[in-house]
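Engineer: If you count by mature numbering (1 follows the signal peptide of the UniProt record, and there is no 0), then the sequence shown holds residues -27 to -1, 1 to 187, one letter each, in order.
Any given hint might turn out to be false.
As the list claims (entries may be wrong) - In silico DSBU-like links for lysine-lysine, alpha-carbon gap of 30 Å or less: (1) K33 <-> K55; (2) K128 <-> K52; (3) K125 <-> K99; (4) K1 <-> K38; (5) K33 <-> K125; (6) K67 <-> K1; (7) K22 <-> K128.
As the list claims (entries may be wrong) - Label-pair ranges, simulated between beta-carbon atoms: (8) T140 <-> K55: 47 to 53 Å; (9) Q182 <-> L85: 31 to 37 Å; (10) S97 <-> L187: 41 to 47 Å.
Bear in mind the hints are in silico, worked out from the structure with no lab data behind them.
Just so we're clear, the structure is a prediction, and the values are computed from it rather than from any experiment.
All residues carry an ideal CB built from backbone N, CA and C; glycine is no exception.
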Amino acid sequence: MTRYLLTTWLVALCTLGIAQTNSYSFAKFVAPNGIEVENVSPSYYGEYKFNDYTLVINQKGIFSKNTMYLSITKETIQKNDKYSVRGNYLFGIKENDSIFCVLDGDRYFYGLREEVQLIGDSTSNKLIDDGDCYYINFYDQGIWMPARMEFKNGKLLMSHFDYPSETDVFDHIALRTSTLHDGLNEIKLWPTSEEWNAIDLSVIFPEVQEYIRL
């Protein structure tokens, strides 16, 4: 009897462990009832900022501009002819250009802007117009991970795809595949328009980043 109870407990524990390691993605870009477009409406073109993150939207697409904060030692600059400092500007990091820097101790600190195209000619990502919002669908090796964009009162509200570890929000989606990979149950979903509309979006887009238009 004790052995039976122990076996039952272990099976239940393993089942619970598997349930807690589900990973969800979409097999096709969402929303299913939306329209694929090349860009947002031109009226939304501009530059939007949230903390150290900047989104630039223009006729070429949507771009993310972030600042990486780096440093270089005074010794490195002194021993390498590639680098030089004139006033508060560091030369040699960017080709044919200088970067504002601040000396703190024996290191010069500077910020380097990194630009990544999210929507446009150089990416496989898809932009879907769903009427009251847009979805940027990020493509990665056969799966899609959406981010929701809503323009409201001169602001850009951005929410990235996420969900609770033990969620049942996708249980009603019938068409799916499941693959066990390194202990992770990877589930790809094909929601219909009706199934997508039945999803509580506040569950899968739980946090909103408010970008201010500059």
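Engineer: Next, verify each hint and record whether it holds.
Structural biologist: Results for each hint:
Our distance criterion of 30 Å between C-alpha atoms is broken by K33 and K55, whose separation comes to about 34 Å. In summary, the hint linking K128 to K52 is not supported, as the alpha carbons are separated by about 48 Å, beyond the 30 Å threshold. At most 30 Å may separate the alpha-carbon atoms for a hinted pair to count; K125 and K99 meet this at roughly 22 Å. Under the criterion of a C-alpha separation no larger than 30 Å, the hint pairing K1 with K38 is consistent with the structure, at around 27 Å.
Straight-line distance between C-alpha atoms of K33 and K125 comes to about 22 Å, which keeps the hinted pair within the 30 Å bound. With a C-alpha separation of about 39 Å, the suggested pair K67 and K1 falls outside the 30 Å cut-off, and the hint is violated. For the hint pairing K22 with K128, the CA-to-CA distance comes to about 9 Å; that is within 30 Å, so the pair holds. For T140 and K55, the hinted distance range of 47 to 53 Å is satisfied, since their beta carbons lie about 52 Å from each other.
Judged by the Cβ atoms, the range 31 to 37 Å given for Q182 and L85 is violated: they are separated by roughly 22 Å. Look at S97 against L187: about 29 Å separates their beta carbons, and that is not inside 41 to 47 Å.
Hints 1, 2, 6, 9, 10 from the list above are not met by this structure, while the remaining hints are.
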